[in-house]
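S.K.: Just so you know, the protein sequences line up as chains A and B, in that order. Counting from 107, one number per residue, gives the positions in the first sequence under the numbering used here. Counting from 3, one number per residue, gives the positions in the second sequence under the numbering used here.
These are calculated hints, taken from the structure and not from any lab test. Honestly, I wouldn't trust all of these hints.
[Said to hold, decoys possible] Mimicking SDA-like on lysine to any residue, the simulated pairs with C-alpha atoms at most 25 Å apart in a straight line are:
id	chain 1	residue 1	chain 2	residue 2
1	A	Lys116	B	Lys73
2	A	Lys116	B	Ala32
3	B	Lys73	A	Tyr115
4	A	Lys299	B	Cys57
5	A	Lys119	B	Glu14
6	A	Lys124	B	Asn34
7	A	Lys302	A	Pro291
8	B	Lys49	A	Tyr111
9	A	Lys116	B	Lys74
10	A	Lys296	B	Lys73
11	A	Lys279	A	Lys302
12	A	Lys299	B	Asp52
13	A	Lys328	B	Cys57
14	A	Lys119	B	Lys53
15	B	Lys74	A	Tyr111
16	A	Lys296	B	Cys57
17	A	Lys339	B	Lys73
[Said to hold, decoys possible] Pairwise CB distance ranges, derived in the manner of DEER restraints:
id	chain 1	residue 1	chain 2	residue 2	range
18	B	Ile24	A	Asp123	47 to 53 Å
19	B	Asp52	A	His127	34 to 40 Å
20	A	Ser255	B	Glu29	34 to 40 Å
21	B	Ala76	A	Ser255	55 to 61 Å
22	B	Thr38	A	Cys329	17 to 23 Å
23	A	Ile210	B	Asn39	35 to 41 Å
24	A	Lys119	B	Tyr41	21 to 27 Å
25	B	Asp37	A	Gly188	48 to 54 Å
All of these numbers come straight from a predicted model, not from anything done at the bench. Glycine is no exception: its CB is placed at the ideal position from the N, C-alpha and C atoms.
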Amino acid sequence: MKEGYELIYKRPKTLLDKRMHYCPGCFHSTMHKLLMEVVEELDIQDRTVGICPVGCSVFAYDYMDVDMQEAAHGRAAAVATGIKRMLPDRIVFSYQGDGDLAAIGTAETLHACNRGENFTFIFINNGIYGMTGGQMAPTTLENQKTSTSPYGRNSATAGMPMKMAEIVATFEKVYYVERVSCNTPANTRKARKAIKKSFEYQMQSRGTSFIEVASNCPSGWKCTPIESLDWIKDQVLPYYPLGVLKDLGKEEVK
Amino acid sequence: MPFKGYVEISVEGCKGCGLCVIHCPTECLALNMSDTNSYSLHYAYLKEPDKCIACQNCSIICPDAAITVYKKIA
Numbered sequence: 107m108k109e110g111y112e113l114i115y116k117r118p119k120t121l122l123d124k125r126m127h128y129c130p131g132c133f134h135s136t137m138h139k140l141l142m143e144v145v146e147e148l149d150i151q152d153r154t155v156g157i158c159p160v161g162c163s164v165f166a167y168d169y170m171d172v173d174m175q176e177a178a179h180g181r182a183a184a185v186a187t188g189i190k191r192m193l194p195d196r197i198v199f200s201y202q203g204d205g206d207l208a209a210i211g212t213a214e215t216l217h218a219c220n221r222g223e224n225f226t227f228i229f230i231n232n233g234i235y236g237m238t239g240g241q242m243a244p245t246t247l248e249n250q251k252t253s254t255s256p257y258g259r260n261s262a263t264a265g266m267p268m269k270m271a272e273i274v275a276t277f278e279k280v281y282y283v284e285r286v287s288c289n290t291p292a293n294t295r296k297a298r299k300a301i302k303k304s305f306e307y308q309m310q311s312r313g314t315s316f317i318e319v320a321s322n323c324p325s326g327w328k329c330t331p332i333e334s335l336d337w338i339k340d341q342v343l344p345y346y347p348l349g350v351l352k353d354l355g356k357e358e359v360k
Numbered sequence: 003m004p005f006k007g008y009v010e011i012s013v014e015g016c017k018g019c020g021l022c023v024i025h026c027p028t029e030c031l032a033l034n035m036s037d038t039n040s041y042s043l044h045y046a047y048l049k050e051p052d053k054c055i056a057c058q059n060c061s062i063i064c065p066d067a068a069i070t071v072y073k074k075i076a
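Here chain A stands alone, though its shape is the one from the complex:
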């Protein structure tokens, strides 16, 4: 450290000092970092439990220094329900991708939201099955080229991309829904605030909180990390607009 300077930001201690296996520029690693920053800030490391999905973030337990549990593909919401009901004083979050939460695990997700289970969903929506080679997912944009839709997603046969945040916001017991992104420093700061808010709501036993992250996949989208940010800005955000979709806590204040 240089003389006459003070430290204002360093890697959170709750994020293990290990090289993550994610591709350069992937928002999975950004979200790991933000989650662990919030855990460190709220000082809840010893009572946080994370649920790992199947997908790129299947090894998330290798990087986050909190209790983690691996779930079967798509069943993170069911596992999180069990953990939260048995250990209600723990802060539970399920960390899932779009192939996990919006495809194979839609039923678990929707029913957990319908029951208003008191945990946080972190939903990483990159519009593609990243780990298996960039196949089309339910959240793939219309006309987006993937390895299983080489001419672009045809909405006549494959339907329209699923807006999970909008869907779960319709459930009465869901307390807080926000869509965030990490494509700019400002949006990343908002994402961090959203995670913090959802954990605080969870500590007050308010109900389900759902954070969707409009994420990127440079390898699956066949572009550089910087080009993937342009794609998010031009293509993803017009269809998946950012912002708070539901916040019952805010309405109480009014």
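Given chain A, work out where chain B should sit, using these hints.
M.R.: Relative to chain A, chain B alone:
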């Protein structure tokens, strides 16, 4: 008057995605195109230390938490 600062970027932790470089408001970061780390990736470094204003844009956007930010004590 903005703060004066400086950043330390972990050479082995950096994956060379370049997100910090494009989001630096004073353009003081760059990718080192003449050298690579042990993963054969061009890592980012503080090219012009005088321009750094300790805004933390690079550290918040860095996916791999490879950046440490310092602020000059006034």
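S.K.: For a C-alpha distance cap of 25 Å, please report whether lysine 124(A) and asparagine 34(B) respect it.
M.R.: 23 Å, holds
S.K.: For the pair we were handed, lysine 339(A) and lysine 73(B), check the Cα-Cα distance against 25 Å.
M.R.: 31 Å, violated
S.K.: How does the Cβ-Cβ distance of serine 255(A) and glutamate 29(B) compare with 34 to 40 Å: does it lie in that range?
M.R.: Check passed, 39 Å falls within 34 to 40 Å.
S.K.: When you check the alpha-carbon spacing of lysine 49(B) and tyrosine 111(A), does it fall within 25 Å?
M.R.: 18 Å, holds
S.K.: Hint check: lysine 296(A) vs lysine 73(B), CA-CA at most 25 Å. Holds or violated?
M.R.: 23 Å, holds
S.K.: Does lysine 53(B) lie within 25 Å of lysine 119(A) when you go C-alpha to C-alpha?
M.R.: Violated, at roughly 29 Å.
S.K.: Do the alpha carbons of lysine 116(A) and alanine 32(B) lie within 25 Å of each other, as the hint requires?
M.R.: 20 Å, holds
S.K.: Does the structure keep lysine 296(A) and cysteine 57(B) at a Cα separation of 25 Å or less?
M.R.: 16 Å, holds
S.K.: CA of lysine 299(A) to CA of aspartate 52(B), is that 25 Å or under?
M.R.: 31 Å, violated
S.K.: Holds or violated: lysine 119(A) with glutamate 14(B), Cα cutoff 25 Å?
M.R.: Within the cut-off at roughly 18 Å; holds.
S.K.: Would you check the hint for lysine 279(A) and lysine 302(A), treating anything up to 25 Å between C-alpha atoms as holding?
M.R.: 20 Å, holds
S.K.: Should the hint that isoleucine 210(A) and asparagine 39(B) are 35 to 41 Å apart at their CB atoms be regarded as holding?
M.R.: 37 Å, holds
The structure shown violates the earlier hints numbered 12, 13, 14, 17, 18.
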